[in-house]
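For the record, the sequence lines run as chains A and B. Sequential numbering from 85 applies to the first sequence in our numbering. Sequential numbering from 85 applies to the second sequence in our numbering.
Hint data in this document are derived by calculation from the structure and do not stem from the laboratory. Among the hints, erroneous ones may be present.
Which copy? The list can't say, so a pair holds if one copy fits it or any two copies do.
[Stated by the list, open to error] With a Cα cut of at most 20 Å, we get these calculated EDC-like pairs of lysine to aspartate or glutamate:
no., residue 1, residue 2
1, LYS86, GLU484
2, LYS234, ASP363
3, LYS86, GLU404
4, LYS238, GLU325
5, LYS311, GLU325
6, LYS87, GLU484
7, LYS372, GLU484
8, LYS229, ASP303
9, LYS86, ASP109
10, LYS238, GLU154
11, LYS372, ASP413
12, LYS229, ASP206
13, LYS86, ASP313
14, LYS261, GLU336
15, LYS86, GLU465
16, LYS234, GLU336
17, LYS177, ASP464
18, LYS177, ASP221
In this text the structure is predicted, and so the values were computed from the model without any measurement.
There are 2 protein chains.
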Amino acid sequence: MKKRIGIVGAGTAGLHLGLFLRQHDVDVTVYTDRKPDEYSGLRLLNTVAHNAVTVQREVALDVNEWPSEEFGYFGHYYYVGGPQPMRFYGDLKAPSRAVDYRLYQPMLMRALEARGGKFCYDAVSAEDLEGLSEQYDLLVVCTGKYALGKVFEKQSENSPFEKPQRALCVGLFKGIKEAPIRAVTMSFSPGHGELIEIPTLSFNGMSTALVLENHIGSDLEVLAHTKYDDDPRAFLDLMLEKLGKHHPSVAERIDPAEFDLANSSLDILQGGVVPAFRDGHATLNNGKTIIGLGDIQATVDPVLGQGANMASYAAWILGEEILAHSVYDLRFSEHLERRRQDRVLCATRWTNFTLSALSALPPEFLAFLQILSQSREMADEFTDNFNYPERQWDRFSSPERFGQWCNQYAPTIAA
Amino acid sequence: MKKRIGIVGAGTAGLHLGLFLRQHDVDVTVYTDRKPDEYSGLRLLNTVAHNAVTVQREVALDVNEWPSEEFGYFGHYYYVGGPQPMRFYGDLKAPSRAVDYRLYQPMLMRALEARGGKFCYDAVSAEDLEGLSEQYDLLVVCTGKYALGKVFEKQSENSPFEKPQRALCVGLFKGIKEAPIRAVTMSFSPGHGELIEIPTLSFNGMSTALVLENHIGSDLEVLAHTKYDDDPRAFLDLMLEKLGKHHPSVAERIDPAEFDLANSSLDILQGGVVPAFRDGHATLNNGKTIIGLGDIQATVDPVLGQGANMASYAAWILGEEILAHSVYDLRFSEHLERRRQDRVLCATRWTNFTLSALSALPPEFLAFLQILSQSREMADEFTDNFNYPERQWDRFSSPERFGQWCNQYAPTIAA
Ligand SMILES: Cc1cc2nc3c(=O)[nH]c(=O)nc-3n(C[C@H](O)[C@H](O)[C@H](O)COP(=O)(O)OP(=O)(O)OC[C@H]3O[C@@H](n4cnc5c(N)ncnc54)[C@H](O)[C@@H]3O)c2cc1C
Ligand SMILES: Cc1cc2nc3c(=O)[nH]c(=O)nc-3n(C[C@H](O)[C@H](O)[C@H](O)COP(=O)(O)OP(=O)(O)OC[C@H]3O[C@@H](n4cnc5c(N)ncnc54)[C@H](O)[C@@H]3O)c2cc1C
Numbered sequence: 085m086k087k088r089i090g091i092v093g094a095g096t097a098g099l100h101l102g103l104f105l106r107q108h109d110v111d112v113t114v115y116t117d118r119k120p121d122e123y124s125g126l127r128l129l130n131t132v133a134h135n136a137v138t139v140q141r142e143v144a145l146d147v148n149e150w151p152s153e154e155f156g157y158f159g160h161y162y163y164v165g166g167p168q169p170m171r172f173y174g175d176l177k178a179p180s181r182a183v184d185y186r187l188y189q190p191m192l193m194r195a196l197e198a199r200g201g202k203f204c205y206d207a208v209s210a211e212d213l214e215g216l217s218e219q220y221d222l223l224v225v226c227t228g229k230y231a232l233g234k235v236f237e238k239q240s241e242n243s244p245f246e247k248p249q250r251a252l253c254v255g256l257f258k259g260i261k262e263a264p265i266r267a268v269t270m271s272f273s274p275g276h277g278e279l280i281e282i283p284t285l286s287f288n289g290m291s292t293a294l295v296l297e298n299h300i301g302s303d304l305e306v307l308a309h310t311k312y313d314d315d316p317r318a319f320l321d322l323m324l325e326k327l328g329k330h331h332p333s334v335a336e337r338i339d340p341a342e343f344d345l346a347n348s349s350l351d352i353l354q355g356g357v358v359p360a361f362r363d364g365h366a367t368l369n370n371g372k373t374i375i376g377l378g379d380i381q382a383t384v385d386p387v388l389g390q391g392a393n394m395a396s397y398a399a400w401i402l403g404e405e406i407l408a409h410s411v412y413d414l415r416f417s418e419h420l421e422r423r424r425q426d427r428v429l430c431a432t433r434w435t436n437f438t439l440s441a442l443s444a445l446p447p448e449f450l451a452f453l454q455i456l457s458q459s460r461e462m463a464d465e466f467t468d469n470f471n472y473p474e475r476q477w478d479r480f481s482s483p484e485r486f487g488q489w490c491n492q493y494a495p496t497i498a499a
Numbered sequence: 085m086k087k088r089i090g091i092v093g094a095g096t097a098g099l100h101l102g103l104f105l106r107q108h109d110v111d112v113t114v115y116t117d118r119k120p121d122e123y124s125g126l127r128l129l130n131t132v133a134h135n136a137v138t139v140q141r142e143v144a145l146d147v148n149e150w151p152s153e154e155f156g157y158f159g160h161y162y163y164v165g166g167p168q169p170m171r172f173y174g175d176l177k178a179p180s181r182a183v184d185y186r187l188y189q190p191m192l193m194r195a196l197e198a199r200g201g202k203f204c205y206d207a208v209s210a211e212d213l214e215g216l217s218e219q220y221d222l223l224v225v226c227t228g229k230y231a232l233g234k235v236f237e238k239q240s241e242n243s244p245f246e247k248p249q250r251a252l253c254v255g256l257f258k259g260i261k262e263a264p265i266r267a268v269t270m271s272f273s274p275g276h277g278e279l280i281e282i283p284t285l286s287f288n289g290m291s292t293a294l295v296l297e298n299h300i301g302s303d304l305e306v307l308a309h310t311k312y313d314d315d316p317r318a319f320l321d322l323m324l325e326k327l328g329k330h331h332p333s334v335a336e337r338i339d340p341a342e343f344d345l346a347n348s349s350l351d352i353l354q355g356g357v358v359p360a361f362r363d364g365h366a367t368l369n370n371g372k373t374i375i376g377l378g379d380i381q382a383t384v385d386p387v388l389g390q391g392a393n394m395a396s397y398a399a400w401i402l403g404e405e406i407l408a409h410s411v412y413d414l415r416f417s418e419h420l421e422r423r424r425q426d427r428v429l430c431a432t433r434w435t436n437f438t439l440s441a442l443s444a445l446p447p448e449f450l451a452f453l454q455i456l457s458q459s460r461e462m463a464d465e466f467t468d469n470f471n472y473p474e475r476q477w478d479r480f481s482s483p484e485r486f487g488q489w490c491n492q493y494a495p496t497i498a499a
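Put together the whole structure using the sequences plus the hints.
Structure below.
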C-alpha cells in the first residue's frame, strides 16, 4: 500500500518534501492558504539565497529552473566599517542563487501538482491538525514562522531571545551596479547594523535585494519604520543617505537616478524576526505524532541566510526517513532528529552567536574579522561554510575553538 | 603534535579504545587498578559473549586471538517453558564468541602495551580526575559499572529501575554436552527466571557459562544466595534440581557425574546489576570535559548480553571522533553522542523492556514468542539483530511497531 503523507504549508519546506516524496511515488497532499496565481500580487515575502547544497537538491528534484551559473553568484564581499575599514572577499566553491520567492514558490507548486501532488487551498488551524492526522500515515506541519508555531514546544535552551534582534528593512531594488564578481556583499557598520546585498532574479529580471539589519536604537533603525508608500522619494533619499554613511561599499555602486524598488511598491518588507527553536515533533491528543519542518521548527534571523536552506535540508532528510521507515511515532522522530538536528540547530546557534557578536563586537571577534580580512584561504573557508553551518559552529562554539581556528590562519598573515 | 589521550579503566571499553588509538599513532596512557598477571587469580568477572560486529572490530584491531570459527557459536536455541513448551532456533549470520575475561583482558592489555600504550597501575578516585584531565587532550573514564559512576549524571528518563531486576547466579561449568549446533541457549521459565547458556573458552579449554537470571521472590532466587564454597555438592545438587525443573533444554544435556565448576571455586559470581544510563560526558570544576565510556555510561542487566558489545562499539566511535576533531569539549561530546547514542541507548531500552516483559509476560509478548517459535525467518532476524540493538528497538518500542513486525511473520505460519 502506498504511503500517504499530509503536508500543511507550501513553502520551501513543504514543497521540497512533497517533490522528494513524489519522486519516490509516495502519495502527497499539500494544504496551503495561497494559490500559485496569488503570488505575483503579494508583498515581498523575503529575499532568499539558496546555497549550492540547496541548489544541488533542486537539481536532484528536477526543479532547477534558474541555473546558478546564469542567475547565481560566486562569493561574498565583506566590508567592515570603522576608523580603518576592512574590505575582503571569499569564494564559494559552487555558486549560490537567489530568486524572488513570488516567482519561485508558484514554480515549485506547479511542478509538484504536475507530478501528482494534490493541493487543498485552505487555511489550517491548530484545531484541524487532529482530524488531518487521522487521514495520513504522517502529517508534516511547515506553515512558517508565524502560524501554528505554538503546536511545537519551544526549546528555551536554544531560544535565547524573546524579541527581534534587528529592525529589518528589506527591499528589492534597481539602480545598483554589480560588483566586479557577481557576489553577495555583507557590510557591517559597527554599532549600527549589517547590510546583506544579494543579486536576485525577480519579475523584471536581475535586481538587487538589500537586507538592512539595523541595530535597535541605532542611527539606522529609522529605516525599518519609514514607509516607502508615504513618500517614495523621501524614503529613497533617506536610504541613499544612510547607505552612503554606513555601507559605502554598496552605496558606491548605486546610481541615484535609477535607484528605486525593482518592480513596484510591494517590493519592500519591514519588521523583525524573533529567533526560536522548537521541538521537531508534537504528540496530538489522539496520540498521533506530527512533525514540524522549516521555520516552524527553527526560525532564524536572516542575517546569515540560513532559514530556507535549512528548511530544504530538513525536508530532504525527512523524505529519506519517511521512505526508510513505516511507523511514524516518537521513535521515528528520534531517527529524524539524529540526522537533521545537528545542521539545523547549528544554523540557529551560529546565527544567534553572530547577531550578538556583531552587536557587542568583543575584541576576539574583531580580531577574527581582522584575520579573516587578511587570509584569503580563511575567507574562502568561512564563505563556503555558509553551506555547512555545523562546520561554522565547530569553529565558533567556544573561545578555545575560535582561538584555534584563528591561530591556524594568523601565521599566513605574518608570513 | 601528537594527541595525548588518558584512559581510566582497562576493560573492553578502555582497551578497545586504546588499541584503536594506537593504530592511529595517538599517544595513550591507561590507568587501571589491576595488572595483567592478577587476572588468573580473580573471581569470575562476568560471562561475556562478543557478537560478530564486535569480533569484526577485534579483527580490525588485530587482537582476534581466538577466532569464532573455532571458539565461537552459531545461533541461539530458545526454550519457553509453560504448559506447552516452545523450542526453536535462530541463526546468526556470522558467529559470536565468548572468552573468559580473565583470559581476554590480560591478552588485550599485553597487546596494547606491546604497541606503545603506557600503563599506570593505580586506583583512580573521582578527586584525581581534575589533575589527570590537565595532563591530556582528553580524559576518558571507563571504570565499569561500580567505580566513579557518580561523576556522570544519571538520566532518569532512561533509568527506570532503582534495584536489580534479577537475582543472578552465574558460573562457568563443565559436564554440559554441546547442543547439536554450538549455540547459546536462552531458556525462559515463566514466573521464575531466564537461563542463558554460553559456550565459553576458559583456562581449561571450552566450558559452559550458565547465567541464571532468577526472578526475585521466585522458586529460583535461592540460587543467588546459596554459596558453592559452603558445600559444593549441595550447591551442585540444588542447581541440578532447579535446572531440571525450570530449564530442561539445558538440564537434559548435563552429565550429573561431571557437572561442576569448570576451573575452581572462583568460577561463580552471584549478585545483581542495577541498570543505569548516564550522560556520556561531565564537566569538571576546572572546566574540562571528560567522556564516559562503557558500563559507566550504560549499565545493562546481562540478560541480552549487550554491555561489552556496546562498550566496544562506543570505544570505536569515540576513537574515530577523537581522530576527526581536535578540541574535546561539549561540542565534541555532541558529535560523539550523535553517533554512538542510538545503538547504546537502544541496547539499554531493549534490555530493560525485555526484563519487564519476561517478568510480566503480557499477552502480546507471549503472542510474539509464539510467532517467533513458528517462523524460522523471524527467529533468524531476531537472533542476528543481537548485533544491532537499535534495530530491535525499532521493533519493540511501541505496540504498533511490535504488532506490525509480528503481523509480517504471522502469515508465514498460517501458510
Ligand atoms: C528578509 C528575509 C530574508 C531571508 N533570507 C534568507 C536567505 O537568504 N536564505 C535562507 O535560506 N533563508 C532566508 N530567509 C528565511 C526564509 O525565508 C525562510 O526560512 C523560509 O522561507 C522558510 O520556509 P518554510 O517552508 O518553513 O515557511 P514559509 O516559506 O513561510 O512557508 C509557509 C507556507 O505555509 C503556508 N501557510 C501559512 N499558514 C498557513 C495556514 N494556517 N494554513 C495553511 N497554510 C499556511 C504559507 O502560505 C506558505 O505556503 C529570509 C527571511 C526573511 C524574512
Ligand atoms: C554475569 C555477566 C554477564 C555478562 N554477559 C555479557 C555478554 O554476554 N555480552 C556483553 O556484551 N556483556 C556482558 N556483560 C557486561 C560486560 O561484562 C560489561 O558491559 C563490560 O565488561 C563493561 O566493560 P567496561 O570496559 O565498561 O568495564 P569493566 O569491564 O568493568 O572494566 C573496568 C576497568 O576499570 C578498572 N577500574 C575499576 N575501578 C577503577 C579505579 N577506581 N581506578 C582504576 N581502574 C579502575 C577495572 O580494573 C577494569 O580494568 C555481562 C556482565 C555480567 C556481570
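Results for each hint:
1. For the homomeric pair LYS86 and GLU484, the shortest alpha-carbon distance between copies (18 Å) is at most 20 Å, but the shortest distance inside one copy (51 Å) is not.
2. In this assembly of identical chains, LYS234 and ASP363 lie within 20 Å of each other by CA distance solely inside one copy; the values are 10 Å within and 30 Å between copies.
3. Within a single copy, LYS86 and GLU404 get their C-alpha atoms as close as 15 Å, which meets the 20 Å cut-off; across copies the closest is 39 Å, which misses it.
4. Taking CA atoms no more than 20 Å apart as the test, LYS238 paired with GLU325 passes in neither setting, with 40 Å inside one copy and 59 Å between copies.
5. Taking CA atoms no more than 20 Å apart as the test, LYS311 paired with GLU325 passes inside one copy only; the shortest distance there is 16 Å, against 92 Å between copies.
6. For a Cα distance limit of 20 Å, the shortest separation of LYS87 from GLU484 across copies, 16 Å, qualifies, whereas the shortest one inside one copy, 48 Å, does not.
7. For the homomeric pair LYS372 and GLU484, the shortest alpha-carbon distance between copies (12 Å) is at most 20 Å, but the shortest distance inside one copy (43 Å) is not.
8. Proximity of LYS229 to ASP303 under the C-alpha cut-off of 20 Å is found in neither arrangement, the shortest distances being 28 Å within a copy and 61 Å between copies.
9. Proximity of LYS86 to ASP109 under the C-alpha cut-off of 20 Å is restricted to the intra-copy arrangement: shortest distance 8 Å within a copy versus 51 Å between copies.
10. In this homomeric assembly, LYS238 and GLU154 never come within 20 Å of each other (Cα to Cα): the closest approach is 40 Å inside a single copy and 56 Å across copies.
11. For the homomeric pair LYS372 and ASP413, the shortest alpha-carbon distance inside one copy (7 Å) is at most 20 Å, but the shortest distance between copies (37 Å) is not.
12. In this homomeric assembly, LYS229 and ASP206 come within 20 Å of each other (Cα to Cα) only inside a single copy, at 18 Å, whereas the closest approach across copies is 57 Å.
13. Taking identical chains as interchangeable, the C-alpha atoms of LYS86 and ASP313 are never at most 20 Å apart, the minima being 51 Å within one chain and 64 Å between chains.
14. With identical chains, the CA atoms of LYS261 and GLU336 are at most 20 Å apart within one copy only, with a shortest distance of 9 Å there and 90 Å across copies.
15. Neither within a single protomer nor between protomers do LYS86 and GLU465 lie at most 20 Å apart by alpha-carbon distance, with minima of 44 Å and 25 Å respectively.
16. When the C-alpha separation of LYS234 and GLU336 is checked against a cutoff of 20 Å, the pair qualifies neither within a copy, at 44 Å, nor between copies, at 63 Å.
17. Taking the shortest Cα distances, LYS177 and ASP464 sit within 20 Å of each other inside one copy (8 Å), while across copies they are farther apart (48 Å).
18. Proximity of LYS177 and ASP221 under a CA criterion of 20 Å is satisfied in neither setting, with 40 Å inside one chain copy and 33 Å between copies.
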